[in-house]
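*Asks:* In the order they appear, the protein sequences are chains R and Z.
Take 1 as the starting number for the first sequence in full-length UniProt numbering and just add one per residue.
Take 1 as the starting number for the second sequence in full-length UniProt numbering and just add one per residue.
Honestly, I wouldn't trust all of these hints.
No copy labels: a pair is met if it fits in one copy or bridges any two.
Here are the computed lysine-lysine pairs in the DSBU-like style, where the Cα-Cα straight-line distance is at most 30 Å [what the hints assert, rightly or not]: (1) Lys279 x Lys232; (2) Lys232 x Lys105; (3) Lys104 x Lys232; (4) Lys260 x Lys104; (5) Lys232 x Lys315.
FYI, nobody ran anything at the bench for these hints, they're computed from the structure.
Number of protein chains: 2
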Amino acid sequence: MTRHYNFCAGPAALPTAVLEKAREELLDYQGRGLSVMEMSHRSPEFVAIAEQAEADLRELLAVPDNYRVLFLQGGASMQFAMLPYNLLGQGGTPNYLYTGIWGKKAIAEARHLAGAHVAASSEANGLTAVPRQEDIALSGDAAYLHYTSNETIGGLAFDYIPEGRLADGSEVPVVCDMSSSILSGPLDVSQFGVIYAGAQKNIGPAGLTLAIVRDDLLDRARPDTPTMFNYKVMAEHGSMYNTPPTYSWYLAGLVFQWLKHEIGGLEAMNALNERKAAKLYAAIDQSDMYSNPIAVDNRSRMNVPFVLADDRLDKAFLAESEEAGLLNLKGHRSVGGMRASLYNAVPESGVDTLVEFMADFERRRG
Amino acid sequence: MTRHYNFCAGPAALPTAVLEKAREELLDYQGRGLSVMEMSHRSPEFVAIAEQAEADLRELLAVPDNYRVLFLQGGASMQFAMLPYNLLGQGGTPNYLYTGIWGKKAIAEARHLAGAHVAASSEANGLTAVPRQEDIALSGDAAYLHYTSNETIGGLAFDYIPEGRLADGSEVPVVCDMSSSILSGPLDVSQFGVIYAGAQKNIGPAGLTLAIVRDDLLDRARPDTPTMFNYKVMAEHGSMYNTPPTYSWYLAGLVFQWLKHEIGGLEAMNALNERKAAKLYAAIDQSDMYSNPIAVDNRSRMNVPFVLADDRLDKAFLAESEEAGLLNLKGHRSVGGMRASLYNAVPESGVDTLVEFMADFERRRG
Chain R
1 MTRHYNFCAG
11 PAALPTAVLE
21 KAREELLDYQ
31 GRGLSVMEMS
41 HRSPEFVAIA
51 EQAEADLREL
61 LAVPDNYRVL
71 FLQGGASMQF
81 AMLPYNLLGQ
91 GGTPNYLYTG
101 IWGKKAIAEA
111 RHLAGAHVAA
121 SSEANGLTAV
131 PRQEDIALSG
141 DAAYLHYTSN
151 ETIGGLAFDY
161 IPEGRLADGS
171 EVPVVCDMSS
181 SILSGPLDVS
191 QFGVIYAGAQ
201 KNIGPAGLTL
211 AIVRDDLLDR
221 ARPDTPTMFN
231 YKVMAEHGSM
241 YNTPPTYSWY
251 LAGLVFQWLK
261 HEIGGLEAMN
271 ALNERKAAKL
281 YAAIDQSDMY
291 SNPIAVDNRS
301 RMNVPFVLAD
311 DRLDKAFLAE
321 SEEAGLLNLK
331 GHRSVGGMRA
341 SLYNAVPESG
351 VDTLVEFMAD
361 FERRRG
Chain Z
1 MTRHYNFCAG
11 PAALPTAVLE
21 KAREELLDYQ
31 GRGLSVMEMS
41 HRSPEFVAIA
51 EQAEADLREL
61 LAVPDNYRVL
71 FLQGGASMQF
81 AMLPYNLLGQ
91 GGTPNYLYTG
101 IWGKKAIAEA
111 RHLAGAHVAA
121 SSEANGLTAV
131 PRQEDIALSG
141 DAAYLHYTSN
151 ETIGGLAFDY
161 IPEGRLADGS
171 EVPVVCDMSS
181 SILSGPLDVS
191 QFGVIYAGAQ
201 KNIGPAGLTL
211 AIVRDDLLDR
221 ARPDTPTMFN
231 YKVMAEHGSM
241 YNTPPTYSWY
251 LAGLVFQWLK
261 HEIGGLEAMN
271 ALNERKAAKL
281 YAAIDQSDMY
291 SNPIAVDNRS
301 RMNVPFVLAD
311 DRLDKAFLAE
321 SEEAGLLNLK
331 GHRSVGGMRA
341 SLYNAVPESG
351 VDTLVEFMAD
361 FERRRG
C-alpha cells in the first residue's frame, strides 16, 4: 500500500491515522460485533459517538453555549437554499458579498427563492481581492449578510470578518460559507449568526454538512420551510429528525480527535497551515515560471491556484507531478492552470515535495 | 473480531463480504494511492465507480431506459418534500395511501407544502391490512398516488402494486417509498412514476438516497423548487450537481456487486428472503408465546414485529438474545415488543439462530 500526496480540492485528503482507525474498526466497532455503519442512530453506541464528535468540535472551535451544532446533509449547495427559508420568516432581503464562484451560486439560489442584494463585489478587480468593510453597502431591509470565507476555486480568502452593520447602527446576522476554511485555525464563532460547511475538505467525507446556528435565529423560518430544511426541527431532534449520515458523522469525529490529540488543537493547526502556505507561495513568487494573481492579503492558505508562464507545459506538469506521487494538481476547469489544496490533512512533507518538484520542473523546462 | 447477527431496522446490517472489500481498499483504492473518500467526484476513478454502480442497479432491477436513476441525499424524509415540489408544477392534489407511520409522515409533509388527499387508509383495521385496489378513491384532480410498499415499523407490506386510475380511466403516476423493500426481490419498475429509497436498509450506509424517476416527470417541477430538490437538475448533472456522498455511493456499488455475484441476482435474493421470513413467521405462529397482528397476505418479509404474551418478559428476552449474539431485536418505541428486520444482508443462519433462541426462551420462560 502506498499513500500519495493528495492536493484535491474536495473530496479531499483525510489524515492517514483517521483512515487507519476506521479500517481497524470497520467490521467490528470496539467488540460490539457490528460496524458503525450498521448501528441504529438511536443506539447508545452511536449516540455516544455522535455526542463525542459534537463535544470535540465545540471544544476545538470554542463554540459558545448559545449556538447549536447541526450535522446535516446536502453540502453547501443545500445550505444556499436553507438559508433564505430559515432566516426570512420576518421578511427582509438577503445580502451577499460576491467574491467568487461559490458566492455566486449562493446568490443565484437566494434570488431563485427569495431575492438577493449584492452588498459588495470583487468583480471589478477580477476576483483577486475581497471587498473591505467600508465597501459593504447593505440594503436597508437586509435580513442577513452572507459571504464565503474562502473561495475554493479562485483561492481568494477574507483576511477579516465582515460586519453586518446597517445605517442606523443596528446589526444583521453574518452568515458564512466556511466549507474550505473551517477548522484550519481558531475562529471567533460569536461574530456569526450561521456558519456552515460541507464536510469534504477539513471535516470528513462528502455527504455530511455542518451548520453552527445562533439559537435566537432558530425562530425565523418561513412558514413554507420544508421540514428537512428547518434548522429548528434539526436542533430540537439533535440532528436526528430522520436517519443522519451516521458513518460520515463517526469519521468526522475521528478527524476531530486527530485535530485534538495528534495535531494539538487549532492554534497548532493554524501554525502548520501558515507554514505550508508560506512555503508554496514563496516558491511561486520566487520563480519565473509560476504565478498566482491574488492580492497578497487575500491569498488562500487552503487552495493555492497558480498558472505556468507557458500553458503548453500544463500537460507535462500534470503528468510528471502525478508520476511523482503528487495527485490532483489540475486547476478547476473554469480557471485552468494548477491548484494545490493544502487542507489540514495534507502534511508539510507533501508541500515540501511539491515545492521541490516545481523547482525541478522549472529547471528542466523553464 | 466477531460479527453478530444484526436485526436492526436501519441503519441495518451490511454484507460482511462488502465490509471486507471496503476495508481492503480503505486507504488505497486499487493502487491509486488514496481512499475512495479522498477522490474528486469528477475524477475518472470515481466516475467509473459511480457509473458501474448505476449500471449494476439498472441490471438488477431491469430499470427501463426511460427512467433516470438518481443518487441523492436526505433520506426518505427529504423525498417527502421533494415530491410535491417536483410533481405539482401542473397543479393538482397529491394523493396518498395511509398504511403506517412513514406514510403518515409523507402525508404530513405534503399537507405542509401543498395539501394532500388520503385516497385510502388502513386506520380502520388498526394498520394490519393494506387497502385493496377497489378501496382507493383518488381525488378528481390527483397529481400522483403515493404509497409505502413496506411499513418498517408496523411490518405491513403491500402484496400488489396499486394503480393510479382516475374515474375517467386515465392514470396518474404511482410514487412509492421503497426504503425498506427495494432490492429484496424483482420489481416491475415500469409500473411506477417515481420510486425512492433511503439506502440504509438494503442498499448501503445512511446518507445516500436512491430515486428512480420516469423521464416524462422531470418537467413537472414547481417554479419555486429549490435547486437541490429538483430531479431534473440532478438528472442533467448525473447526480453531481454538487458533491455527492461519494463513499456511500461506492459502498452501494459494492452491495450491488454482492447481489449480482454472491447472491446471484434478485430472483435468488427473493427466494432467500421468502425462506427467511417463512421460518420466522412459522415460529411465531406455532408458538403460544409470540404473536404478530398483521393480515397474513400483508406480512412484511423485511420487518417482522412480534409481541410476547407477557410483556413483563420483554426485558429478559432482549437481554438474553443480545447475550446470544442476536442484536437489535427491540421493537420501535411507538409499538413496543420485538422486531426482527430480515433485510438482504441478514443471513439465513441468523434467522435459524433467532428461531432456535425463541423456542428455547419459550421452553424456559413460557
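*Asks:* The structure should be examined with respect to each hint, and the outcome stated for every one.
*Replies:* Tested hints:
{"no.": "1", "hint": "Lys279 x Lys232", "verdict": "neither (44 Å within a copy, 45 Å between copies)"}
{"no.": "2", "hint": "Lys232 x Lys105", "verdict": "both (24 Å within a copy, 18 Å between copies)"}
{"no.": "3", "hint": "Lys104 x Lys232", "verdict": "both (27 Å within a copy, 21 Å between copies)"}
{"no.": "4", "hint": "Lys260 x Lys104", "verdict": "neither (34 Å within a copy, 44 Å between copies)"}
{"no.": "5", "hint": "Lys232 x Lys315", "verdict": "neither (49 Å within a copy, 35 Å between copies)"}
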